[in-house]
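Chemist: Each chain is listed here by its residues.
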Amino acid sequence: MLVAQKKFNPGYRIRWEKRLVSTPLINFSIPVISIIMTLLAGGAVIAAMGFDPIFIFQGMFTSAFLSFTGLMETTVKAIPLILAGLGVALAFKMLLWNIGAEGQLHMGAFAASGVALALPDAPAYIVLPTMILAGMVAGALWASLPAIPKAYLGVNEIITSLLLNYVAIFWIDYLVFGPWRDPAALGFPITKAFGQAARLPMFGDTRVHTGLLIAIAAAIALYIILYHSKWGCEIRVIGESQGAARYAGMNIRRNIILVMMLSGALAGLAGMVEISAIHARLQAGFSPGFGYTAIIIASLARMHPGWVILVSFLMSGLLVGGFSMQIHGLPVATVQMLQGAILFFLLGGNILTRYRLTIRRKKVA
Amino acid sequence: MSQETFLVMRNITKMFPGIVANDQVEFLAHAGEIHALLGENGAGKSTLMNILTGLYRPDEGEVYIQGQLVNFHSPREAVDAGIGMVHQNFRLVESLTVTGNITLGAKNEGFWWRPRIAAKKVAALSKEYGMDVDPEAKVWQLSVGEQQRVEIMKMLYRGAQILILDEPTAVLTPQEVKELFSSLRKLADSGKTVIFITHKLHEVMAFADRITVLRGGRSIAVIKKEETDIKELAHLMVGKEISHLVNKTAADPGEIILRLEAVSALNDKGLPALHEVSFSIREGEILGFAGVAGNGQRELSEVITGLRSVSSGKIFVNEKDATSANARQIIDAGVGHIPEDRKGMGLVSNMTVIDNTILKSYRSPEVCPGFFLNHRKIRQHAQHLVDTFDIQTCSLDSPVKLMSGGNLQRLLLAREISANPKIIVAVYPVRGLDVAATEEIHQMLVEQRNNGAGILLISEDLDEIFKLADRIAVLYEGRIMSILPIENADLDRIGLMMAGIDGKEVAANGASSAKEV
Amino acid sequence: MDYTFYLAVLAAAVTAGTPILYAALGELLAERSGVLNLGVEGMMLVGAIVGFIIAVNTANPWLGVGGAMLASGALALIHAFLTITLQANQVVSGLALTMFGAGFSSFIGRPFVGIAAPVSFQNIPIPILSQIPYLGDIFFRHDPLVYLTYILAPLMWFLLYWTRPGLNIQAVGEDPAAADAVGINVKLVRYLCVITGGMFAGLGGAYLTLAFAPLWLDGMTAGRGWIAIALVIFAVWNPLKAIAGAYLFGGVAAMSFRMQILEIPVSPFFLQMMPYLFTIMVLIIVTIQASVKRIGAPKALGLAYDREDR
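Protein chains in written order, with our numbering: chain C, 1 to 365; chain B, 1 to 517; chain H, 1 to 310.
No wet-lab data here; the hints were simulated from the structure.
Take these hints with a grain of salt, some might be off.
Said to hold, decoys possible - One side of the interface only, derived from the structure: several residues of chain H facing chain B at Cβ under 7 Å:
#	residue
1	162
2	163
3	164
4	171
5	180
Claimed, not checked - Taking lysine-lysine pairs in the DSBU-like style, the calculated list, with each CA pair at most 35 Å apart, reads:
#	chain 1	residue 1	chain 2	residue 2
6	H	299	B	138
7	B	186	B	200
8	B	225	B	248
9	B	225	B	186
10	B	401	B	269
11	C	18	B	401
12	B	121	H	241
13	B	138	B	121
14	H	299	B	107
15	C	230	B	401
Said to hold, decoys possible - Which stretches of chain C does chain H cover? Using the computed rule of at least three CB atoms under 8 Å from a CB of chain H, they are:
#	region
16	169 to 175
17	292 to 299
The beta-carbon is built from N, C-alpha and C at its ideal position, and this holds for glycine as well.
From just these sequences and the hints, can you work out the full model?
Modeler: Take a look at the structure:
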């Protein structure tokens, strides 16, 4: 199209050019690059603190992925992350900003504990399903608190779901410091231990528990719902364009409530499996911020259930590796800082899905 | 007329992903003239003017003003150089006052914002150019014509020497158009350069001094008005003979299929937008709604399609009460809808062709027998639509945002028609399309009418209405002024009614039709 | 209980409301320019710890305030770069900021946990004004940072409604394309508003460690940043209304604290929930009223502006 009579002068110009569609390679490489960039930036901070970053990262990686116990621990921590991550991913897919996974997870743990404590002698085939159901229902109901005002009045769900996290955590504190405290616990804020029937079975001698199967099943179910069902079709359309959804006769209000509740149910399930399999009792501070890490997981996984599983393992590895950093004298908060930084780099890298860098020869007419 | 060459744009090239919007365009304008920039939709007119106003940066080419090479990095620099543009979608801050908008960002305003003092300056300006508007009114309270005046005054306030108007008449009644151009002529006589972007040939012949024709991103011709005629301009603009596909036979109306009884409704701001609107449509006829945009067209299409609730009155689809039906029930009752906003409403830009073909049918038993979608059948159906309606797309799995406007609209119509609608509500169905695509879309609508569908056509383009409609209704401030059979309608009468002059005063014939429901 | 109790609660409401007010004023400015910054909590935390560290090392609380504002302003710059220049999603970027800020403050603050600040802002009763019955006790027996808000909030109101830069900020937040078309530098206005807003959030955080409770605890903002964001909605983006709102929220926090001291027979955990539940209730009521009166957020809030978007 450009005519050949033009004179070319030497020299190049580099510029950003818009692109309309991203490529799969870019979609894949942005999260990878953002993790690498985070490690570089984090390494710089660690070096600035007077530590050897390569030694620290090596230690982290070894303890999280290369030793058997480490790998098992990474798997164990990945389980609630997958479930909560799926919940957040589902809500984000519809552009519902559910920041309340942490609270929903706590409420799921609360309800499951209530069942376990109320039925100390019932057999496992009654207790466990009831705990699962209770955990999911509690998470769903807790999520409906921001969902209903959002659906009917347009109340900002980001703020309400986040503030409810504080309320849920105070509620757990109230229980374990108050009415549910085990009198025999010497003043520790914990409940009585659950009966063996209320514990999810482990695989062999490891701490990896059957919650892993629940998490994977949940991911598959969510994938099928999103991409192979008519409900998923509605969720995806509403997430892309509310105008088109209304035009196509979709009920947006009902979907806000349903999706938020399913999102909360998954987070509640995360609380249930964690409390049942790992702690076997309700205790204060049982979650190291699973519900917040879930936000990062959903974003890195681009809301895709399959990727949520993989990213959860990575983030879990970061958590587990973080404990090894503590041994070397770095604070646990390093992990949280790195998590925030990953999200920064991911957001920054996303520009590559919309622009490409082009280098072309300068033309002068 | 002074013949000083005031503005020169040379060799302008601008590329967007996938298209060359301007390809070595040449454009010259003199001081004191009204210059029409004529071209089809997509010919590159707006891009060229956006480059002139510093909104886009050209990939190649130079702009000279009074012989000086200029290189604008931002709209501000263009404004400072005396270039003012009135965009098709006005660039006004609705929550601010007229004065706030006119003085916004202007130079030498000082630090303080003193609304009273600024309003006086605006009032003086309004007097000087004879443009009447209340300086203290909030912009959202103004009519479209008044908002346009605010836009023009905004540019004059900044000392614009070149005034560019992008499709200025699209939102005006024929009478308002005459007023606008008499103001513009005054501006030109005072030595300013007026450029207006248009694709309407009769407007060019009526109001322009010289014409530059753009086609496919290239400048094709520069002509004085006296040396040309509509036929030549049409040929230059389109480049080839248009085969007129639309072959409309006399209407053969059947049973009443859509009936509105005294329907009133509110707009998004909570103000009355429709007042006791009553009409009916029969099978096999097209009822065209003429009127200036913003007189209740959107609300009318939305109450019928279940997207907006009525405040009073009744709606019958197929003689069944559908007043309080929701969008889904209306779709199931056989009402197709071609919405005004095809990218934001009728289609989902980021989703694939396939996903868009099932936007409404995803819940039907054929597509989704139980809980799961039948992906094989969906793909077959989508392929069938693409083949039948000749939709150009790279793949069924690519997002529709990559498609051209004409193909988007074909896809939308294909989907709506494939549901065999009894009623089609078509809102500005060819807005932004080129001549060939327009013809095809019109042909599709007429075919549906011949097959017995009742069609409600909302358009701001009277040519389109006269070409397609069997009866014409005029909507003004949410009221139906009159409903005329096409044989009794003429352009002047419809134009007056669009301006709110009562149909009964216009013609006795019209009055009798107005009572018909 | 005599009236001195109520005066004490009301005076405590002012101090408890002050950090929220700073943060809310900052967020208000950013949102007025069309940028939602959900990182307030993170910026407050970083402001709190940086201010504390500097005050501990220099024994000068004013230097602490300055350092806090620089640090939180730098964080806000990250948000501005991501959302304005790179056009990233404002919600996710804000969340990242909050997480990063929480982690970073805890990271650098670990050696300072449990140390009492050697210096802090002291109450300086204002002559004459502090003698006014009731009002003097409530408003004029505080530290200088409280008095600063008495000037800052009206000043911001004045800036927004009665100056040209304020008019430009409004235009950028309502309709960036319109502002751009008349030559206002949309990105520059947004950068300035977001960074200044972030500095205010840091100042609010520093108030916690340098005046309110002169010590550092991990996550000590305890959701105040989020309450500040809710407060902006409550105040309908008007700085003057934000003052009243901040004292209302501060009052609820002060009440729940006083009730714990008075050993009211309600679990302290329930009392601690009060500010959060109150915020949610208020948010719901305000949203209903806003939809009735059809007033709302700046129209372009949360949307990136790209001049060449077609």
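Chemist: Does residue 171 of chain H pass the interface check with chain B, least Cβ-Cβ distance below 7 Å?
Modeler: Nearest chain B Cβ about 5 Å off; hint holds.
Chemist: Would you mind confirming whether the straight-line C-alpha gap from residue 230 of chain C to residue 401 of chain B stays at or under 35 Å?
Modeler: Holds, at about 23 Å.
Chemist: Restraint: residue 164 of chain H near chain B, CB-CB cut 7 Å. Satisfied or not?
Modeler: This interface hint holds because 5 Å falls under the 7 Å limit.
Chemist: Are the Cα positions of residue 299 of chain H and residue 107 of chain B separated by 35 Å at most?
Modeler: holds, 25 Å
Chemist: Take the C-alpha atoms of residue 138 of chain B and residue 121 of chain B, compute the straight-line distance between them, and say whether it is at most 35 Å.
Modeler: holds, 17 Å
Chemist: Take the C-alpha atoms of residue 121 of chain B and residue 241 of chain H, compute the straight-line distance between them, and say whether it is at most 35 Å.
Modeler: holds, 32 Å
Chemist: Checking hints one by one. Is residue 180 of chain H an interface residue toward chain B, by the C-beta closer than 7 Å rule?
Modeler: Residue 180 of chain H check passes; min Cβ-Cβ to chain B is 6 Å, inside 7 Å.
Chemist: Against chain B, run the beta carbon of residue 163 of chain H and see if the smallest gap drops under 7 Å.
Modeler: holds, 5 Å
Chemist: Would the hint linking residue 225 of chain B and residue 186 of chain B be met if the CA-CA limit is 35 Å?
Modeler: holds, 19 Å
Chemist: Test coverage of the region 169 to 175 of chain C by chain H using CB-CB distances below 8 Å; three residues minimum.
Modeler: holds (count 4)
Chemist: Three residues minimum, CB to CB under 8 Å: does the region 292 to 299 of chain C make the cut for coverage by chain H? Let me know.
Modeler: holds (count 4)
Chemist: Is residue 401 of chain B within 35 Å of residue 269 of chain B, Cα to Cα?
Modeler: Holds, at about 30 Å.
Every hint, counting from the list given before, is met by this structure.
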